[in-house]
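*Asks:* For reference, the chains in residue letters:
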Amino acid sequence: MQRRAATDIYGLMAEFRTPEDLIAATHTVKQAGYSRLDAFTPFPIEEVIEEVAPGDTGVPRLVLLAGLIGAATGFIIQYIGNLVDYPVNIGGRPLNIANWPAMIPITFEAMILFAAFTAAISMVVLNGLPMPYHPVFNAPRFDRASQDGFFLCIEAGDPLFDRAQTAQFLRSLGPVQVSEVAN
Amino acid sequence: MAQAQPLRTGPQPDTGEMYLLPGETYTSISRKIGDVPLVSPLQTSRGWLLGFTIAFILLMVYFVSIAWLFIKGVGIWGINVPVAWGMDIINFVWWIGIGHAGTLISAILLLLNQGWRNSINRFAEAMTLFAVACAGLYPILHLGRPWLFYWLIPYPNTHGMWPNFRSALAWDVFAISTYASVSLVFWLVGLLPDFATLRDRATNIWAKRAYGIAALGWRGSARHWHRYEMASLLLAGLSTPLVVSVHSIISLDFAISQVPGWQVTIFPPYFVAGAVFAGFAMVILLMAPVRVWYGFQNYITMRHFDVMAKVMLATGMVVVYGYFMEVWAALYSGSRFEEYLLFNRLNGPSAWAYYGLLFCNAVAIQPLWFRRVRQSIPALIIISLIVSVGMWLERYVIIVISLEREFLPSSWDIYIPTVWDWSLYIGSFGLFFTLLFLFIRFLPMINIFEMRMFQFQENERLHRREQAGHGDTGRDIVTGKSEPGAASAD
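Respectively, the protein sequence lines represent chains A and B. With the numbering used here applied, the first sequence covers 1 to 183. With the numbering used here applied, the second sequence covers 1 to 490.
All the given hints hold, so there is nothing to weed out.
Some residues of chain A that are not near chain B, with every Cβ distance over 10 Å (derived): (1) Q31; (2) G33; (3) N96; (4) G157; (5) D158; (6) F161; (7) Q165; (8) Q168; (9) V178; (10) N183.
Computed Cβ-Cβ distance ranges for the label pairs, DEER-style: (11) L126(A) / V81(B): 54 to 62 Å; (12) I90(A) / S181(B): 26 to 34 Å; (13) E47(A) / E17(B): 27 to 35 Å; (14) I90(A) / W68(B): 29 to 37 Å; (15) Q297(B) / L126(A): 38 to 46 Å.
Think of the hints as simulated: they come from the structure by calculation, not from any bench. Small disclaimer: the values here were computed from a predicted structure and weren't measured. Note that beta-carbon positions come from the ideal geometry of N, C-alpha and C, so glycine has one too.
Turn these sequences into a full structure, and let the hints guide you.
*Replies:* Structure representation (structure tokens):
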């Protein structure tokens, strides 16, 4: 491979045979002080997620907010529609706030609707999807990441990143192969 | 290497104790499930073509029935005063009930951390969506002027009018539309990582592109999985009260009214249990042939059928309790209309339906107490068929028998469905099965990534047990009595 500056590549990708190998490797890499790393796996692995992406996802807060907005929207629409804008006496039901029990079902459904759509959409958007191209797709055998391959990538932007030393370090962790990922 | 591991072939003994038969790897799971939708169009199996053709013909029956309805109006049906709700509402409640098992499996069992749901949740969710599609059209077709259905939705309009939000029928609109859209979102979120698997496995460039677009560029990053898991959990948490609310609200269509036999407080829980009961019967009916056709016996085992039969039995007994409560409510009410309703159910012109429902839903499920019955596919199919009929009869009893004998004896009448009632019902199976056949042809019918996760958890469990020196680590529901090391990864 011809010589390039470290920033020319996205990072170094190591492929592991089993999730157990990946869990051990992720732990070691994290212990060694690397911070800009990501793992690519065919299913969520709790131990890897805790090392690579600890902390808050941001999704629950948005869902709570959307649920409250949804409930308020559902209630206010009914209140305006049936009690303010177009009041009709139906079976003697009260035409004021005392009518609230009849409004609970739709308030509840609106809350669920807003919250559920927010859960799905915020997951996709915060993940930066849709993103048809990403450098990691250049890694050899990366199509296995959605089937049976377990990948760990140390990004070139990591302060400790050194093309030769980092590659050497990754090779010591027992991967199937280590490769440079073109940017 | 992670690829091309030798697979243990040949029949695996399925003793009904395991949720995942030994001999599977991440590779074999991805290949076996993922390659079903990737078969070239020219190599589509004859069985699929035959099934799809039959379903498609039935779909045409559906379209003809709807077209004739649009031309002539609801007068082509057997409904009239006093029985203004006939087979349209019976079938609406029946179909939506079937859908509820899918949400139960996908949401409630996820929250309860039941790993066995992984092999059936995708299929059951698809069943939910298609059953809700069949159900949702019935009330719209019943409107009389179906093209004005959008009047049910609150929007600023030149009439200066709003829907009557204090009516249970308006609650229905919100419940069904929310249920359909949230189920769709949950289903699509579940499909996202599997689309990536199909993208990476596809050899045909057009299939690769189509699944690639659907996958949104999913690359399995740990950060993505983190949010993904959180979103799935939240969706499950939101769907759980939703599914309970939907059938409760449908039961309120009846319970809020004053018709004898409808105004019963037991209705919401009794309807929800009945929905799950009918839904599990349908899951069993659909799963039993599909797992054989596509060779998924390793993933959908007799243990699955065993637990599904148990759920069916449990919810069935709740339904039976509901029947007792209806009788008790009638006797205790002191209302002569309620008392007469009970008399009419037992002795009236439609008494056959009431006795039929008692047989189908109360008597026919009792063999499920026995393990041997739960382990027999033919027995389960027969019982599930009887339960499906029984749950249809239940809605018939609730809707028709109550309305046939209204308060005023001068308006009493007998409800007789016409050929168009039946053709619309038979046609709705066409809609359901057309969608279902398209689903099993083009999408992975088992959740691939969750199966891999299940395999991983099973490996971990076996590993822990080996480290504990084969000691008893408590009741191991996932692996049952499988031999240690039988399901090693590579």
